[in-house]
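Novice: Listed here are the chains, written in short residue letters.
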Amino acid sequence: MAAVQHVSIREFGWLCSPSLSGEVSQPQLQQIMASVNQSQQQPKITLDGEQMEFSPGETVYEVATRAGKTVPTLCYDPRLEAFGSCRLCVVEVAGQRTPVASCTTQAEDGMEVTTASAKVEGLRRTLLELVASENREVAVDALRGVASQELGTLVEQYDAGCGRFAGAQSGASRPDDPNPFILRDYDLCISCYRCVRVCAEQEGDYAISIANRGFATQITVEFGGHLQDSACTFCGQCVQTCPTGALADKKALRFAGDGTLNGGS
Amino acid sequence: MSNPLADMEKPDVIFCIGTNMTEAHPVAATRLKKALARGAKMIVADPRRIRLAEMADLYLPIRVGSDTALLLGMAHVIVRERLADREFVATRTEGYDELVDHLQEKTPEWAESITGVPAAMIEEAAILYGSSDKAAIYYTLGITEHICGVENVQSLCNLALLTGNFGREGTGVNPMRGQNNIQGAGDSGALPNNYAGFQPVDDAANQAKFEKAYGRKVDLEKGITKVTALEQCGDGIFGMLIDGENTVVSDPDQEHCIHALKSLEHLVVIDIFLTETAELADVVLPAASWAETDGNFVNTERRIQRVRKAVEPAGEARPDWWIIGQIAQRMGMRGFDYDSAVPIFNELCELSPIYAGIDWDLAESGQYQWPIPYRGHPGTPRLHEDEFINGRGKFSFTDYRDPAETIDEDYPLWLTTGRRLESYHTRTQTGRSEGINDLLPEETLEVHPSDAARYGLHDGGWARMRSRRGAVDVRVQTTRRSPQGTVFASFSFADVPINVLTGSGYDPITHTAELKVCPVHVESIAEGGAVGAGASKVLVQNPPGDLVGEPR
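Keeping their order, the protein sequence lines are chains P and E. Everything in the first sequence is counted per our numbering, starting at 18 for the first residue and increasing by one. Everything in the second sequence is counted per our numbering, starting at -4 for the first residue and increasing by one.
Source of the hints: derived by calculation from the structure; they are not laboratory data. All residues carry an ideal CB built from backbone N, CA and C; glycine is no exception. One thing to keep in mind: the hints can contain errors.
[To be verified] Facing chain P, a subset of chain E residues (Cβ under 8 angstroms, in silico): (1) P21; (2) K28; (3) K29; (4) A32; (5) T425; (6) E429; (7) G430; (8) L434; (9) L435; (10) E437.
Kindly produce the complete structure, drawing on both the sequences and the hints.
Specialist: Okay, structure coming up:
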């Protein structure tokens, strides 16, 4: 058991391939440390033609954001470990056959990155169409949560209607959950797992998790029950990170325009 | 706290004693959870198997009120195993040799005989704490609300001094303060023995300084504590002003407290709601709430944080500083004609060395942790880095004492009190917050199943609980969270006034009540609600059309 020592990717993973899921083994680590020690100079990447210095460990997304670039994301929350599931943050890296997710790609010395080529912008639009395909085209009340407008804003910005791929619907809402604080309107859920991750990584409560796979994915608590019967403390972090308003602040929604809890959707 | 909150993520070993921080300090506790996720080890000493105990690598189930014995036993092992930090002890402390003599008899076996924790576990805890590079202590009122609160804290300091766990990242002795601004209240002089900035009132230089600042004579004597003041009500004290405290529910020995307040000729209460205490007042002055006033809060890590008014105060409510200023002016006192919170805060900064480096405008950033001794000083997130305030850290030669009352045939169970995640303090605010009452509708007495069987109690049934001071009726919850022989309830619910029972004794130095220990007797009763001194009522009715909709 103790033969392989595992290390967090946040600390040592900057030279690993983006497909690595979060851990490196001891031999890999030694290799990494050796290559780090080789170059003591502040490394740089080329970002849309401009040189940007970065600190070892920074991702391409973090460097780009620091440089003032607007790279769209849905599954990203700066407080959480990068997840790489929505792929909206794809960028082109010279020498790479396909665009890469910038949030999980560590910056490497000499890397040449293009953040908004016509090709990646097209990819982003298609990705958004796929994401939006099962979401009704509705205005989501901003009172649902601080991040609740993220999806709607991007869909509008990329003119990505849901028509082309519309059809099936994943995720079942839980209007039956009687808790007084959190509305669970999973019809709007895009399975970015920000709620699940913030509950685990930030709160350490592990109250909610993911059931099933693919289209049958459902955010849930144990036995498909109500939040009140789980480890949930109603801290509200999940509501505030949800980028679609699928999780919403019931008490704030009392002030929603149409006076209904589902205000706007 | 000696160390900043951010340091909670840094220790190798965390020793939590007398703190239920996942319930009482849930936001700060997320940092501790991150430390554990990173691989830090945790020792938890608590009479109850709380969530923190479940998360611990080593859980020490101590008998209530036996903390000093446990800590002396741990110190003994640290010395015996040569885990003391020789360099730190030599350069930063004094009294080590005397401490070693003092600890001779404080063996883990001796500690076991008092705490009930097996000696081997005490040894394991001491070795774990003593042999790590960065070990931090966190504690809350489970340490201080005892007749030996001061000795408990001193015993913790001994451990940190012995092992050199001061002044570095991820170390320290860290009390988690119970209120958002209790630190700020003390900073600004709301203490009987200090002027603002912890400057003793009986120091001649301080007296001269404040006489000059205020342009009038100042009191030269130490003030009296609240405990003493309540004792003197009707006998020397005839008028009282209570600002923002629900004394009747939060303080020990409720019957005595109500009697004291009723003995006054004139009671004025300033609060944002008509609390149980305000109901006893001759005059209630409505205060502006935290969202309705400007000012600064100072939190548990000594960080000064701006509070910004978001909405106008409701009705005739006014900020506390305005109310107090008006009363003072109408009593003919000069110097209270403030027009906002700004000059008040600036006065605090001018008169307090620990605030000397900032003013209202600089505090805006929220980046300062006092002491900030001069302009341009960045603040002090971590105390005691180079030296202690008085130079060297002094070892204390503490000893174990029994609680003020101990269990006997008439009162065979230990009652310990505390907080619950859902309700805050006496529920002045949370009891009026829609939703929270659905999560925690009523108070229960947590009883170990075998104790329940022994005393004829049933899960969900009712118990009448008596102490030497009174009795309350409370619904029973059987749970192994309570150890055998100890029951628990929070003091939050005015309709289950647990503080009718407490108040057996007080720390002689701080006058803090022994709220954590109270021998009680319990018996099964058919239905509750008959017994409970004074202010027994339900605070909140859910308004019609509330969010919950379906009954549970």
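Novice: Each hint needs a verdict: does it hold in this structure or not?
Specialist: Status of each hint after checking the structure:
1. The beta carbon of E:P21 is positioned within 8 angstroms of a beta carbon in chain P (closest approach about 7 angstroms), and the interface hint is therefore held.
2. Below 8 angstroms, beta-carbon pairs count as interface contacts, and E:K28 has one with chain P at about 3 angstroms; its hint therefore holds.
3. The criterion of a C-beta within 8 angstroms of any C-beta in chain P is met by E:K29, whose closest approach is roughly 7 angstroms, and the hint holds.
4. At a threshold of 8 angstroms, the smallest CB-CB gap from E:A32 to chain P is about 7 angstroms, leaving the interface hint in force.
5. Here the hint on E:T425 is broken, as its CB sits about 12 angstroms from the closest CB of chain P, past 8 angstroms.
6. Here the hint on E:E429 is kept, as its CB sits about 6 angstroms from the closest CB of chain P, short of 8 angstroms.
7. A cut of 8 angstroms between beta carbons decides the hint on E:G430: the least distance to chain P is about 3 angstroms, and the hint holds.
8. Annotation: interface hint on E:L434 holds; nearest CB of chain P at approximately 7 angstroms, less than 8 angstroms.
9. Because the closest C-beta pair between E:L435 and chain P is about 11 angstroms apart, greater than 8 angstroms, the hint is violated.
10. About 15 angstroms separates the beta-carbon of E:E437 from the nearest beta-carbon of chain P, more than 8 angstroms, and the hint is not met.
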